[in-house]
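Here the protein sequences line up with chains A and B, keeping their order. For the first sequence, our numbering gives the first residue as 1, with consecutive numbering after it. For the second sequence, our numbering gives the first residue as 210, with consecutive numbering after it.
Incorrect hints may appear among the rest.
Here are the simulated lysine to aspartate or glutamate pairs, EDC-like style, with alpha carbons at most 20 angstroms apart [stated by the list, open to error]: (1) A:K180 - B:D315; (2) A:K180 - B:E229; (3) A:K188 - B:D402; (4) B:K289 - A:D193.
Part of the chain A face toward chain B, derived, beta carbon under 7 angstroms [as the list claims (entries may be wrong)]: (5) L78; (6) W84; (7) G100; (8) T202.
Calculated from the structure, these hints are not laboratory results. Values in this document were obtained by computation on a predicted structure and should not be read as measured data. Glycine is no exception: its CB is placed at the ideal position from the N, C-alpha and C atoms.
Protein chains: 2
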Amino acid sequence: MNKKKVPQGTISRLFEYLRELKNLSIINIRTVSSSELGERLNLSDAQIRKDLGYFGSFGTSGAGYNIEELKKALEKILGKDKAWNICIVGIGHLGSALLGYPGFKDHNLYVAAAFDSDLKKVGRTVGNIIIEPIEKIKSIVSSKRISIAIIATPANTAQKVANDLITSGIECIMNFAPIKLDVPENVKVEDVDLSHALENLTYFANNEK
Amino acid sequence: MNKKKVPQGTISRLFEYLRELKNLSIINIRTVSSSELGERLNLSDAQIRKDLGYFGSFGTSGAGYNIEELKKALEKILGKDKAWNICIVGIGHLGSALLGYPGFKDHNLYVAAAFDSDLKKVGRTVGNIIIEPIEKIKSIVSSKRISIAIIATPANTAQKVANDLITSGIECIMNFAPIKLDVPENVKVEDVDLSHALENLTYFANNEK
DNA sequence: TGGTGTGAATGCCTTCACAGCG
DNA sequence: CGCTGTGAAGGCATTCACACCA
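Construct the entire structure; sequences and hints are all you get.
Following this line, the structure appears as structure tokens:
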């Protein structure tokens, strides 16, 4: 078991492994080798063994990995065995879609609050969540023990919202606004800016053909 | 001017530079140095100079970069001076939100078609786009010269959709489905899987505190 | 003098290759 | 014999450091 820093991409790949293990489990396969798994995911066998190596030894020489065991181990590593409260800030087009997103519960995530600065929206119910005014972030985030926030506001208010969230003790932010948020080191930001992704594509379409 | 392979992250950062240059331009600043720009974006000055160096020399020794000039240069490099047709496949919660997303036109992107496999949805109009049956992908994508597709279908149909898109000559795919698409080398895929981003966050919340 | 452009150094991640184990 | 686990090698991206230029 290696205590060195785990590389960026390793965590994302562990989730891919877990997804694929579930698929294999469904079709009643019991065991898989790193090369079989790699072939299914377009990754090298060495990559997979190395990634797993950061967290322990899960395989059997000559036989590969027991799928049920590895699944359990990965679920533990990745925090899939616990539930998390999340909130969504900014209930525009995107925020509304997220409020209705059925995939959260698959990951043990529960939308515990929603906020918007527009007083016309405040008080409305979407799904079974009441939209709260943005001023209540501080009280609600801490009282409901929300650890993950999704920012779906316009760029110009995102930093202010982030600041409020941080003083309320948020741990993680998923940021849809097209700006780089300035946050302390102990807060993790995951940027999911649609424009950004699209921009990468237009660059490719423009240059690589 | 360097002809070597441009690193992964450089393109994304060029877009950040461009955004920030626009902000500076608005407040009537004419010139910026790599270190000033870096401070605003939380990046090192060397990083910025290196990134720009892949495409040419845009600065003046001792003075920094002329903002208007650099803006124009970046827009050209990044293909922001052209318009692109896109389509959206899978008009569920997410696909509908994307159809209503006002940000596309900011990037010169035009939604030229929408597809869904559910015949109850086919024929409906969202915004001013008629939802077409998924079987028409091949004919419409090529006839309307669509270069970018957004896949917002469930995971189990995403690969099939991708195959259809590829045979129709699509160049770029933005993939919201939680699977790794298998595509030829000349097609660029940008994964924007919400689950994936959320998973990274739960890992952080679980382990780094 | 202040700031660019860029080879060289560093550091991180992936791939290689193989000893060792079941 | 097949496959894991892991040091070593290799490759790619970022950072350093400085010659050179306005």
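Status of the hints after comparison with the structure:
1. A:K180 - B:D315: holds (19 angstroms)
2. A:K180 - B:E229: Holds, at roughly 10 angstroms.
3. A:K188 - B:D402: holds (18 angstroms)
4. B:K289 - A:D193: Holds, at about 17 angstroms.
5. L78: holds (5 angstroms)
6. W84: Since chain B brings a Cβ to about 6 angstroms from W84 of chain A, closer than 7 angstroms, the hint holds.
7. G100: Constraint on G100 of chain A satisfied, holds at 5 angstroms.
8. T202: Since the shortest Cβ distance to chain B is 5 angstroms, the answer is holds.
Going down the numbered hints, you'll see the structure goes against none, and every one checks out.
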